[in-house]
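*Asks:* Sequence:
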Amino acid sequence: VLERNSPISVRLASLMRSSTKKKISREDSLVLKRHGFGTAAFGAISFFSSNTRSVNGDKPSLDKNSKFQSQIDSINHVPVWLQTFVADTLRYIEYERRGLPVALLCD
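Here the sequence shown stands for residues 4 to 110, numbered as in my numbering.
It is possible that part of the hints are untrue.
[Said to hold, decoys possible] With a straight-line cut-off of 16 Å between C-alpha atoms, the simulated EDC-like cross-links for lysine to aspartate or glutamate are:
| # | residue 1 | residue 2 |
| --- | --- | --- |
| 1 | Lys36 | Glu97 |
| 2 | Lys24 | Asp91 |
| 3 | Lys36 | Asp91 |
| 4 | Lys26 | Asp91 |
[To be verified] Quick list of simulated restraints, FRET-style, between CB atoms:
| # | residue 1 | residue 2 | range |
| --- | --- | --- | --- |
| 5 | Leu107 | Asp76 | 33 to 43 Å |
| 6 | Tyr98 | Arg29 | 34 to 44 Å |
| 7 | His38 | Ser12 | 24 to 34 Å |
| 8 | Lys36 | Cys109 | 17 to 27 Å |
| 9 | Arg14 | Ile48 | 25 to 35 Å |
| 10 | Arg94 | Ala47 | 22 to 32 Å |
| 11 | Pro10 | Pro82 | 18 to 28 Å |
| 12 | Gly39 | Ala106 | 18 to 28 Å |
The set of hints was computed from the structure by calculation and includes no laboratory data. For each residue, glycine too, the CB sits at the ideal point set by N, CA and C.
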């Protein structure tokens with residue numbers, strides 16, 4: 004089904020389109036949330052390393068009173084292209100899920 008409805012060229016185009024985005028769209032964020040894709044789903048890439056420097060070049064403090072404490076594990080650390088590509092893939096899965104009963108009846 005994947006080869007018929009979404010050949011490799013379409014999947015590659017989706018990856019390329021995702022890599023050109025600079026900001027995650029509201030729709031993409033909603034798709035990720037609807038499917039439960041948070042920091043756990045993206046794994047270590049969402050983790051804010053203690054070796055990472057802040058925007059102004061300071062090393063973040065990891066104590067409880069630090070403004071960086073709430074940013075340690077955040078979806079904001081996941082690259083935009085990855086979030087967008089995953090959202091596109093989830094939209095394809097939704098499409099397949101809607102079409103499956105019809106495909107089973109027709110075949």
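*Asks:* Against the range 24 to 34 Å, how does the distance between the Cβ atoms of His38 and Ser12 compare: consistent or not?
*Replies:* holds (25 Å)
*Asks:* Quick one: are Arg94 and Ala47 within 22 to 32 Å, going by C-beta?
*Replies:* holds (25 Å)
*Asks:* Between Tyr98 and Arg29, does the beta-carbon spacing fit 34 to 44 Å?
*Replies:* Given a distance of about 20 Å, which is not inside 34 to 44 Å, the answer is violated.
*Asks:* Is the Cα-Cα distance between Lys36 and Asp91 16 Å or less?
*Replies:* holds (13 Å)
*Asks:* Just to be sure I understand the hint, the distance between the Cβ atoms of Arg14 and Ile48 should be within 25 to 35 Å; is that true here?
*Replies:* Distance hint for Arg14, Ile48 is violated at roughly 21 Å.
*Asks:* Is 18 to 28 Å right for how far apart the beta carbons of Pro10 and Pro82 are?
*Replies:* holds (25 Å)
*Asks:* Take the C-beta atom of Lys36 and the C-beta atom of Cys109, compute their distance, and say whether it sits inside 17 to 27 Å.
*Replies:* violated (33 Å)
*Asks:* Does Asp91 sit within 16 Å of Lys26, going by the straight-line distance between their CA atoms?
*Replies:* holds (15 Å)
*Asks:* Given a hint of 18 to 28 Å, does the C-beta separation of Gly39 and Ala106 actually sit inside it?
*Replies:* holds (26 Å)
*Asks:* Are Lys24 and Asp91 close enough, with their CA atoms no more than 16 Å apart?
*Replies:* holds (13 Å)
*Asks:* With respect to the beta-carbon atoms only, verify the hint that Leu107 and Asp76 lie 33 to 43 Å apart.
*Replies:* holds (41 Å)
*Asks:* Given the hinted pair Lys36 and Glu97, is their alpha-carbon gap at most 16 Å?
*Replies:* Holds, at about 14 Å.
In the structure shown, a violation is registered for the earlier hints numbered 6, 8, 9, in ascending order.
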